[in-house]
Amino acid sequence: MMFFEPFQLPFMARALVELVILGALAGTVGVLVLLRRLAFVSDTLTHTVFPGVVIGHLMGGDGGIFWGALAAGVLTAVLLTLLTHRRRVSEDAALAMLLTTLFAVGVVVVSRQTGFTSDLTAFLFGRVLTVNEEQLAQTAVVTVVVVALLAVLRRPLLLRAFDPEGARAAGVRVGLLDLVLNVAVALVVVAAVKAVGTILVIALLIVPAAAARSLSDRLAVIVPLACLVGAAGGWLGLVVSYEASVEHGVRLASGATVVLVLVALYGLAHAAGAVRRKVGLSRARRRSVLEAA
Amino acid sequence: MSERTPTLVLDRASVAYGDVPVLEELHGVVHEGEAVALIGPNGAGKSTLIKALLGLVPVVRGRIEVLGRPPAQARRDVAYVPQADTLDPDFPVSVEQVVMMGRYRRIGWLRRPSAADRAETAEALERVGLAHRARERFGTLSGGQRQRVLLARAIAAKPRMLLLDEPFNGVDAVSQHALLEAIGSLKEQGASVVVSTHDLAIAHLACDEVCLLNRHQFGFGPTGDVLTPERLRATYGGHALELRGDRVIVTQT
Ligand SMILES: Nc1ncnc2c1ncn2[C@@H]1O[C@H](COP(=O)(O)OP(=O)(O)O)[C@@H](O)[C@H]1O
Ligand SMILES: [Mg+2]
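These protein sequences, in sequence, are chains A and B.
For reference, each letter of the first sequence is one residue, going 1 to 293 in my numbering.
For reference, each letter of the second sequence is one residue, going 1 to 253 in my numbering.
Next up, chain B with everything else stripped away, as it sits in the complex (with noise of 0.2 Å):
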């Protein structure tokens, strides 16, 4: 194998609001054209590590480094993708409003979008396969559907790292499909990612590696040496797991 460069890296890290600490003792590592998965329960960090990524939540101890930069400061080539269902549905956005907005960093405060910015997006939207919908209002779509416009978004800006805050969530199985495939395309061109998530299965299926979290890590590494039934129970506290032969399933989060 050739030497791949690490794009996220995590060093005794801990993040912290204010005085409170969430998440301790980071420790890992992230290659080009890797996927690592964040698993935990609710309240365990998953989003506040994102949000660390981005630098909009401060590391107290340790170090992250985001392409090789403090993750402020590498915010230009880093792509965010929020949760679908977080956004109001009644706002007067078209879908294809919504993905130029991937574009605004390139485009600036007052040049008009060029034929290139509108070729992105329309790229973009295609790579999700929605690109029969541009013109309709973004609330009218599914929840499936406003996630995978949210991907298309992130795409238009061409990054280098995408982050995924629980693109999963009540998401139906054609749109689940369409988000793993453009992801897997990312990733193909280089893009790191990383995607927090409920679900074991889709860890297994799209991630290379995974980072158990629970206010402190209980396991990074690859997918298969990960998760293992003691690491999830650890996890996530014993009790809320069941095991049916060699499958793990997190019956409550």
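Bound-form chain A, shown alone (with noise of 0.2 Å):
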């Protein structure tokens, strides 16, 4: 069977259980993501992760880019979460300006290495098949004390996405709650650094939550769909570019395979969900002409 034989290989089963925990993790928080909008900031949050990783590697080696892209990554949530709550995010020149800016330190740092498009292609596609034990324990651990904030954070985080005024006015402290959220996505991003690099972690955060929203209005479902979709497309891109290397001789970076797998099954879902909606409508209106007869 493809989709399981590949996995008996030590290092591909390492990069099967790191990818589907990863895609889990970022369905669940893509979710969020998706209901503030908060795409931009995700997308900010990728990049300025980046000089991290490549500071981190330059101190400490393999063993230091988890560290560093963490301490970029917390760092960059915070005043993230200062900047856009001074004022309305007419800031966005200035973001744009700054992450660009800690972009290119970190591409100078990492080009004053030999041997540095190699490093450059790692840190920022990720190289998932040379995942160990040890990163792996930190993607389950990321995940564990992601989930499991946000699972305790649920109804506030609820609340003030759906209706910022109200929470305020419920005595919500919204800041608090929106750094909060900040630090998850930029966990996700650092625990994602490994697998599939600091660009490509935006559409495992977009994708499946996407996906998952257009197949259900309800949160009890979208967000284990989410979960499923990213687990899915972590597993389903892994087998595709395993497939494609050994069967077929074409090699496929492991973590584009997974980005392009999932928006496959976005289009998938998208598809799913245009029939569904056409269906209920049609059904409400048989509903509507029923009552008025």
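Worth flagging that the hints you see were computed from the coordinates, not collected in a lab.
Even for Gly, the Cβ is constructed at its ideal location relative to N, Cα and C.
Hints should not be assumed to be uniformly reliable.
What the hints assert, rightly or not - If you want the ones that stay clear, here's a sample from chain B, every Cβ over 10 Å from chain A, calculated: (1) Ala79; (2) Ala115; (3) Arg127; (4) Asn214.
Claimed, not checked - Computed Cβ-Cβ distance ranges for the label pairs, DEER-style: (5) A:His85 <-> B:Asp225: 39 to 47 Å; (6) B:Ala119 <-> A:Leu281: 27 to 35 Å; (7) A:Gly280 <-> B:His216: 46 to 54 Å; (8) B:Gly190 <-> A:Leu79: 46 to 54 Å; (9) A:Arg286 <-> B:Ser114: 34 to 42 Å.
The two chains are supplied separately, each in an independent frame; assemble them into the complex guided by the hints.
Below is the structure:
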């Protein structure tokens, strides 16, 4: 069976576990990113984590990547929260400048190393087949922490996303809550660096949630569905890139393949969603005709 | 008439965002079971006053007391009803989920909603006449119905004071009637109501007191005494009024 066989190899098994956990985590957090329309903030985080990765690698080798990313991610999450709370996001220009500057710093630092193109590709697009046990454990810990945090805060998070003024009026500490969510997004980016790199993680956050949203109007369905789509994308992406490389001699980067598979899943979900809405509409029309009669 | 408890006290209060004063020298009292209409043109400071009553905008001079406490400390017993069209109609929540949000403070973070929470939610929806729409997505309802759902959310919180920001804007006649009925029954149970509106007829119909606002206070008192053509002309800047007999019509807000 091509869907399971490759994972008898230990490095493939580790990659599978990493991508499935990551997909499920990003799918869950992605629902909140979608509800809060935080795609832009998330994209900013993916850019600012990059110099942290580079500097972490410089100081501590492969093991330093996680901690460098963590420091940069949490720092920018705090800065972003402060910035967006000062005024409405008319800081688009300032933000764009900040993130390209930080990104450029990362590139400059990495380009001073020997063999830098190889490092650069790994930081930007990930290298999931070299994930080791320690990195797996880091991803698992991040997942547990983030999911527990969001589960505990689910009610204030929902209220704040739906009706920010109402949340303030009800005594919710909106600033603090926004910080928590921004840090959660930063943690997803940090956890994803090794597997899919800083650039592609945005797809992991956005695509499964969008797919789940087009299939359902109910959060109780959307959250597990996004989780499932994320995990399935990780697994299928890995299968496809392995099959292509080993059986057909076409080398496909696994991180990018995961993203493309996710986008394909989104396409399917979107089509199914359109059909569902059409059926729902005609059913509602029939009902109103019956009521009128 | 028996002694009534004052629930809202404005004592020469000024309210400001940072250094910019928005409202100055507000003065008046509202009692238990009374409704006050905030009337004034766009930009007059109606929403700002409502936020000040929630303790979200600071009082820089004078004093505001809500239920005998500083506003920020009274939030537990105050419910706020935002304008329905400020909320995203695509948001994936059901009507009953929105109403349940009114119970969140009592439910807390971890506990599941109890039977009592569910009963209060159902009863609140019943009171605005939308029990049969409970399972539908909030955004699929009409503007007026969404406004009623938001009122139900406030009712489910069992407030002693209700703050409504322009709840009648663009609302159909059926929903307007349902809103007025629900507000009336809350008043009967002793809640105080603060409602901002452009609609003078509604102020006459539903409110005991009126506060005329345009950055300053142009009158505060019983509806019949305060809603005079002279005062309205002063509040709205004269030219915005057309007078037909004793009816006052605000032509431009
Ligand atoms: N967050 C804010 N910061 C500074 N000024 C504000 C803010 N919100 C409203 N204002 C100003 O306060 C004034 C009153 O606004 P508002 O209370 O919304 O009036 P209304 O609700 O009566 O239309 C307006 O001039 C507006 O520009
Ligand atoms: Mg307003």
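- Sort out which numbered hints this structure fails and list those numbers smallest first. 1
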